[in-house]
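Student: As you go down the protein sequences, you meet chains A and B in turn.
Residue numbering for the first sequence follows the numbering used here, starting at 244 and increasing by one per position.
Residue numbering for the second sequence follows the numbering used here, starting at 2 and increasing by one per position.
No wet-lab data here; the hints were simulated from the structure.
Even for Gly, the Cβ is constructed at its ideal location relative to N, Cα and C.
Among the clues, some could well be false.
Simulated restraints on C-beta separations [to be verified]:
(1) B:Ser-385 <-> A:Asp-499: 20 to 26 Å
(2) A:Thr-383 <-> B:Ser-65: 24 to 30 Å
(3) A:Val-480 <-> B:Lys-122: 46 to 52 Å
(4) B:Lys-122 <-> A:Gln-437: 45 to 51 Å
(5) A:Ala-457 <-> B:Ser-339: 53 to 59 Å
Mimicking DSS-like on lysine-lysine, the simulated pairs with C-alpha atoms at most 27 Å apart in a straight line are [said to hold, decoys possible]:
(6) A:Lys-345 <-> A:Lys-295
(7) B:Lys-110 <-> A:Lys-435
(8) A:Lys-295 <-> B:Lys-188
(9) B:Lys-201 <-> B:Lys-139
(10) B:Lys-110 <-> B:Lys-39
(11) B:Lys-122 <-> B:Lys-39
Rough simulated footprint, nothing fancy, chain B against chain A, three-plus residues with beta-carbon under 8 Å [as the list claims (entries may be wrong)]:
(12) 271-282
(13) 417-423
(14) 519-525
(15) 536-542
Read off the chains here:
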Amino acid sequence: MSSRWFVQTKRIALVLLLASFGPAATRPHYGGTLRVEIRESPPSPEVFGVPKGFVLTTWEAGRRAVFTADENAPGGRPFLDNVDIQLARSLRDQSVDLELRKADVVELGLAELRRPAAGRRPWSSSPVRLMALVFGPRVTDARVREALALAVDRSAIHSVLLQTQGEISGALLPQWITGYAFVFNATTDIAKAQALVASLGPADRTLSLAVDDAANRSIADRIQLNARDAHLAVSIVPATAIADVRLVETRIPSADAAHALASVAAAFGLNEPAPARNPEEQYLAERALLDGFRVIPLFHLPDVYGAGPRVQGGPVINQLGEWRFDSLWLEERP
Amino acid sequence: MIAAVKGWHAVVAALLFSCSGAKAADDPGGAARELARKTVGFAGKGGQVAVTWRNLSSLESAGSQARTAFEEALQEVGLHAADSSPTVEARVTLSENASQYLLVEEASKGDEHQVWIASWKRSDPAAALPAGLALQKKLVWEQAEQILDVAFPPAGMLVLSPASVTLYARNGSQWEARRTIPLTPAKPWPEDLRGHLRLKGASFQALLPGMRCDGSTEPSLSADCHASEEAWVLESGSRGLLLAEFAAARNYFDGRVTTQSGQRKNVTPFFSAASVESQGRTWWLLAETDGRVQMFDGSLDPVGAANVQWGSDIAGTDAQCGAGSQVLATPAVDRGQSDSLQAFTLADRTARPLTEATEFPGPVLALWTSGANSVTAVVRDLRSQQYSAYVVSVVCAN
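Model the full structure from these sequences, guided by the hints.
Tutor: Listed below in structure tokens is the structure:
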């Protein structure tokens, strides 16, 4: 009797165990609210664009945006019922919330990427943000601009401060879009930079540098040191100040080279690029924008998001870093 | 890696004039010849050119093809290999972007520098078809648009897609489209759209969420499509039948089912169903939306969870190889990964594999019983991004 009871109990236990820890379904699940956190706090919801398959249902400026599934979306009703986006969350807070499972999708900064986290799935776009130095109109001597371009040690910044995220570049557009970004010089030549600076008057050897994003301050500090090696005196000023040169980031909005180049040129106040019928003409148009060193491209960086274990499907973002919530669903997995 | 050439020839002018500035080349050879013409013009009469090559692209064979074409084009104009004091130093890089392959030449002559770029369009190679063992799979159709199901009426092949149903007929070894009937749903299709074709001779039914088409493939393709909430007929092998209501605007059956004997039941919502014979009795297996596979008796009364690690897609066959019927199932892997299919039988509610798993180049998006011993599997090929329909047959080992 007892042995039969034991066998029966074992069977029940096995069934219960299987019931508790059975495999998750592999077809997408409908329903649920995806909780997203971002650092930005855009002044209006239009900045987001509307994620495919959703409509904006709540907007609390500076705090929160909620998108709800559109039952009549042209591409079909998405799996998720809602996407709840918390705005103005620091990268650290986002990371903590992901760990505590208060958030499902967060941005990952360099510090967060370095820290391994169980159950976190990183999603990365192609390099879609251009980090560059952009000169203001006061710096009229091209030798100053070229000297700074030659002084910046992109390799050291890339390996140490950026933890090899993204790509070193001397081009406005990334290699994956054009295929010829490597042609633009991105190497350091301190001797040549020093020779250029030596030919300048003392007043031209000082520059003020502003950093638009405080998260890039360490990169600005390194550029300041690089400049000193070339005998240029760079002082870092507040982001709100009118500076000789600014360390900025701009987004590449399109995978189409002509559209992307026109957009980047507009963002940096450069001339409209010449129309191009083929890659060689496209290259010449980009080359013309960079002649004169008004803009010094430094890096092309990806957007990186982390997704919690409930998030299935994906990717969370596409190659251009745009959200793709329509392909996600939520599922509790053991 | 360095090829050096020297010399000059009268045909250079003709070659230069034949070069089109705006058009892409047709292939690596054409792109290489375009660069060679420009190099010859840059080097000048009697010049020597030293060329280094590198490859930043995902291509392998095209690099050597381009290099050979480049060197032959230089030789055509009378330049020959030399090993010292080049007039022009050129670095040619094979590169790529999303739509094109590029040959980028950076040429230097003293302080003069030139960059030339020639390109040709990308085309992705077709996917290979790996072989199976006891499961025999056959690729029957590929297309860029999503495939929901395929079926084979006497007139040829029917392909059900989100936007249409198309009849193809054989012309030698090729399938040719004979007629397409567009589908116009009242509401946009849901994500993870599913659809199923049922054949009865030349007649067919196309079952979609909230829509049904009744049609015929003879004398030509015709169909009457209308909004419908009627139950779908789910077949399993040659004998198992189940009527199941499909949840409108979703990707699962809502749990309202009718057995072959006419009994109506309410069960947990499920993605797919298969019947299997075991110990002389018929059982139904339902792959439920919570990931579990539940086992039911012939009256659709639950008997417990099956001890399996399957995904959401299962289908039944009853190839007469040894004992009874089989359940073909995908494994419980993430949807973005490559999938496989394996035949099982059930003993004491535990799955026992009958065959080796047969692999697919992407996730299985649809799996329907298509005959007594075969199923149709639709796969999204992760490499080519094409949708591929396979007929997978259970083949007796001997």
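Student: Are any of the numbered hints broken by this structure? If so, which, sorted upward?
Tutor: 2, 5, 15
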